[in-house]
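> Chains as they are written, first to last, in numbering that gives the first Met the number 0: chain A, 0 to 252; chain B, 0 to 327.
Rather than coming from a laboratory, the hints here were simulated on the basis of the structure.
It is possible that some hints are incorrect.
To be verified - What the simulated footprint calls covered on chain B by chain A, stretch by stretch (three residues with Cβ under 8 Å from a Cβ of chain A suffice, anywhere in the stretch; the number is not a length):
{"id": "1", "segment": "199-212"}
{"id": "2", "segment": "221-230"}
What the hints assert, rightly or not - Straight-line distance between alpha carbons at most 25 Å, and here's what the computed DMTMM-like set of lysine to aspartate or glutamate pairs gives:
{"id": "3", "chain 1": "B", "residue 1": "Lys226", "chain 2": "A", "residue 2": "Glu84"}
{"id": "4", "chain 1": "B", "residue 1": "Lys226", "chain 2": "A", "residue 2": "Asp81"}
{"id": "5", "chain 1": "A", "residue 1": "Lys32", "chain 2": "A", "residue 2": "Glu169"}
To be verified - Cβ pair distances, simulated, as ranges:
{"id": "6", "chain 1": "A", "residue 1": "Ser178", "chain 2": "B", "residue 2": "Ala117", "range": "30 to 38 Å"}
{"id": "7", "chain 1": "A", "residue 1": "Ser190", "chain 2": "B", "residue 2": "Ile310", "range": "53 to 61 Å"}
{"id": "8", "chain 1": "A", "residue 1": "Asn13", "chain 2": "B", "residue 2": "Tyr116", "range": "25 to 33 Å"}
{"id": "9", "chain 1": "A", "residue 1": "Arg120", "chain 2": "B", "residue 2": "Gln264", "range": "55 to 63 Å"}
{"id": "10", "chain 1": "B", "residue 1": "Arg123", "chain 2": "A", "residue 2": "Asp194", "range": "41 to 49 Å"}
{"id": "11", "chain 1": "B", "residue 1": "Lys126", "chain 2": "A", "residue 2": "Asp71", "range": "40 to 48 Å"}
A quick note: this is a predicted structure, and the numbers were derived from the prediction, not measured.
Built from N, CA and C at the ideal position, the CB exists for glycine as well.
Next come the chains, spelled out residue by residue.
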Amino acid sequence: MYSNEPHIETNGLNAYYGNIQALKNISIVIPRKQITMIIGPSGCGKTSLLKCLNRFFELSPNTSVTGEVLTDGENIYNPSIDITEIRKKAGLLAQRPYPLPMSIYDNVAYGIRIHHTRPRREMDHWVQHYLEIAGLWEEVKDRLHSPANNLSIGQQQRLCLARGLAVEPEIILGDEPTSALDPISAQNIESRLLDLKSQYTIILVTHILRQARRLADYVIFMYLGEVIEAGLAEQVFNHPQHERTQAYLSGVF
Amino acid sequence: MSKVLTNNQTISNVHRNNQPITQKRNRLDKIVHNSLLAISSLPILFALAIFLALWFRAYPILQVHSFIELISGTVWKPLKGLFGFYPFIVGTGWVTLVAIIIAVPICILTTLYLSEYAGVWAQRLVKPILDLLAAIPSVVYGVWGILVIVPMVKNYAVPLFQPLGNVFPIFMSKNPTGYSILAGGLVLAVMITPFIISIAYEVLQTVPAGLRQASLALGTTRWQTIKYVVLPVSSGGIFASVVLGCSRALGETMAVLMVVGNMVQIPHSIFDSAYPLPALIANNYGEMMSIPMYDSALMTGALILMVMILILNIFSVLILRHILIEPH
Ligand SMILES: Nc1ncnc2c1ncn2[C@@H]1O[C@H](COP(=O)(O)OP(=O)(O)OP(=O)(O)O)[C@@H](O)[C@H]1O
Ligand SMILES: [Mg+2]
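All chains, full assembly: derive it from the sequences and hints.
Put into structure tokens, the structure is as follows:
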């Protein structure tokens with residue numbers, strides 16, 4: 000069904016907030032170096048699913064997870080696994096940008112310094128490199144050492160992208176990464192993500208169907224904690240199999 | 000055309016009809032504003048009133064001796080008219096400093112654990128316990144100090160640290176009773192701990208979860224996130240919580256005077272006894288008032304205490320401003 004080999008697979012994934020079951024028996028395959036978009040009505044569990052992929056779900060109190068998430072064939076819920084490695088591998092672009100309380104430069108250098116992924120003396124080069132990929136370099140090159148908080152929201156989101164890319168992830172997770180942005184900034188982020196597709200597996204949650212149509216190679220439609228339909232974007236959008244999917248795509252709910 | 004006209008008419012009508020209501024509302028708003036202003040300036044007025052009252056009562060002695068002379072004088076012989084406050088000021092400083100040095104690391108580590116590592120159940124359990132500890136009357140802490148802390152200092156701390164006394168004079172012991180600066184500092188530390196933790200915890204709770212997650216998402220450990228993200232944004236608030244604890248320690252009276260020995264001397268070691276200013280006032284006010292200037296001298300003591308707390312607060316505001324302005 001998928002042309003690319005799978006990068007992430009979930010098997011019978013269940014996730015609970017206390018007694019509330021947010022994810023019900025999710026078994027999906029996410030192909031490598033493609034954009035997979037998760038769509039569905041509010042509260043259906045899109046954010047929860049995304050958070051299970053980088054072990055962020057457990058940051059909320061009283062949560063529990065059963066089932067498997069295999070990244071490159073390795074179960075990330077294996078108790079002996081190093082969580083920081085999982086999170087390094089799957090970077091997260093949040094709904095709202097949160098610049099770290101330091102300069103623009105240090106935001107990008109933060110992950111490099113912590114993981115020692117690049118030699119210290121090459122730092123300037125790499126900071127510039129990632130800011131360029133995120134499309135922010137030209138705007139900030141003259142004020143690299145001013146606080147990151149002074150940037151506009153749209154610039155902050157691109158800074159968060161640069162900061163995330165700097166730890167050399169293989170997967171980019173985005174939870175409605177453009178929803179807090181103005182249309183131009185949103186478009187900017189979208190085109191960045193399209194550029195990055197050739198090197199990264201990208202998984203995005205969105206509420207905007209048109210955005211999903213623009214970006215998605217694969218689509219996962221969720222409803223009340225279950226995956227109703229998943230497949231090639233063209234397939235799901237043009238020939239949805241399930242009537243719930245049809246209803247959602249035609250704007251009934 | 001006619002529609003526009005009626006619209007205009009309606010607007011002007013509404014405008015005219017509403018004028019008295021608007022005026023009334025504005026007047027009401029002004030009354031509320033002024034009364035709130037009056038109420039909120041009350042605390043400042045109280046502080047000013049206390050300061051003035053102390054000043055007037057202290058005035059007689061300040062005419063005879065200068066303020067500098069009083070705070071640098073080392074001899075306290077009221078019958079001879081000698082009122083040197085230096086031993087009391089130093090005693091207050093020692094006890095407070097010892098308390099802060101003991102309390103601050105414990106408070107910060109506890110707060111970090113509670114806020115960043117502990118589960119919900121631990122937070123639910125510890126919060127009420129802290130509130131309870133903060134509500135225990137100070138005299139109860141004093142009794143506990145006499146029964147537990149003083150013997151502990153006497154039987155364990157003194158023998159343990161005495162060998163160090165030759166190298167570090169602050170551990171020298173010439174006082175075998177246990178009633179000492181260390182005992183006072185320990186009791187004070189226990190008293191201000193719940194207070195500092197409560198405030199510092201609230202400060203850490205104001206750090207947005209999204210900010211922590213932004214750091215964790217990069218594959219950092221919890222400790223790295225605390226060190227590089229949580230502490231830098233909350234350092235000002237944590238510092239403020241310590242200063243508030245310090246202010247409390249400076250003014251705490253009952254528990255301290257019960258364990259600190261109350262001897263008029265300039266202490267040189269944590270095992271010496273001391274006589275902090277609040278203890279001086281509480282022990283002597285209302286007694287021996289026939290001694291000339293005695294009442295006035297005690298009021299000067301209170302004034303000095305107030306000035307010390309004021310200086311601490313000004314100092315902390317300056318440091319806070321420095322911390323907050325400095326780009327992280
Ligand atoms: N911290 C939480 N505690 C308890 N229940 C939660 C929590 N977060 C989410 N839920 C519940 O889990 C379910 C799935 O939530 P989730 O946030 O994954 O939905 P979503 O699809 O991302 O919604 P939206 O599109 O509005 O962001 C919802 O029923 C929600 O109420
Ligand atoms: Mg969501």
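> For every hint, state whether the structure bears it out.
So, going through the hints one by one against the coordinates:
no.	hint	verdict
1	199-212	holds (count 5)
2	221-230	holds (count 3)
3	Lys226/B with Glu84/A	19 Å, holds
4	Lys226/B with Asp81/A	20 Å, holds
5	Lys32/A with Glu169/A	9 Å, holds
6	Ser178/A with Ala117/B: 30 to 38 Å	33 Å, holds
7	Ser190/A with Ile310/B: 53 to 61 Å	58 Å, holds
8	Asn13/A with Tyr116/B: 25 to 33 Å	26 Å, holds
9	Arg120/A with Gln264/B: 55 to 63 Å	60 Å, holds
10	Arg123/B with Asp194/A: 41 to 49 Å	48 Å, holds
11	Lys126/B with Asp71/A: 40 to 48 Å	43 Å, holds
Checked against the numbered hints above, the structure breaks none of them.
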